[in-house]
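Enquirer: Sequence:
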Amino acid sequence: MFRIMSRIRLFAATAAALAVSSIACVADAPPGATSCTGCHPATQSVGTPVPRLNGRDAAQIVTAMTEFRTGKRPTTVMDRIAKGFNDDETKAIAAWFAAQKD
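According to my numbering, the sequence shown is numbered sequentially starting from 1224.
Source of the hints: derived by calculation from the structure; they are not laboratory data. Values in this document were obtained by computation on a predicted structure and should not be read as measured data. Among the hints, erroneous ones may be present.
[To be verified] Per label pair, the in silico range of CB-to-CB distance:
id	residue 1	residue 2	range
1	GLY1270	THR1293	19 to 25 Å
2	SER1258	GLN1283	16 to 22 Å
3	ASN1309	SER1268	18 to 24 Å
4	GLY1307	GLN1283	26 to 32 Å
5	GLY1270	ASN1309	31 to 37 Å
6	PRO1254	GLU1290	31 to 37 Å
7	ALA1282	CYS1262	29 to 35 Å
8	PRO1297	ASP1251	29 to 35 Å
9	ARG1275	ASP1251	24 to 30 Å
10	GLN1267	ASP1310	17 to 23 Å
11	PRO1254	VAL1300	18 to 24 Å
12	SER1268	LYS1295	15 to 21 Å
[As the list claims (entries may be wrong)] Restricting the straight-line Cα-Cα distance to at most 27 Å, the calculated cross-link-like pairs of lysine-lysine (BS3-like) are:
id	residue 1	residue 2
13	LYS1314	LYS1324
14	LYS1306	LYS1295
15	LYS1314	LYS1295
From the three backbone atoms N, C-alpha and C, an ideal C-beta is built for every residue, glycine too.
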């Protein structure tokens, strides 16, 4: 039981850190970008297997989203998320994340 409670506390702390780090940079985000910050951390200090998008090359983000959308890249949920954005929205989100720095 102690291990389960410890894991729940760790999860809650990680979720809180993600939320706090995400709030600071979302004010000027294009529509849809805030949905990414729920899983993708804004800072390097957050330990998660989900990759950071901040500072990543916009073309890499667009390529990944296109591959998720078409089923070329394996995924758990990103295929469904990517299908919710058109090409222009994806490019705007990618450009915004590419411009974000620590």
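Enquirer: So, against the hints stated earlier in the document, which numbers end up violated here?
Expert: Structure breaks hints 1, 3, 4, 6, 7, 9, 10 and 12.
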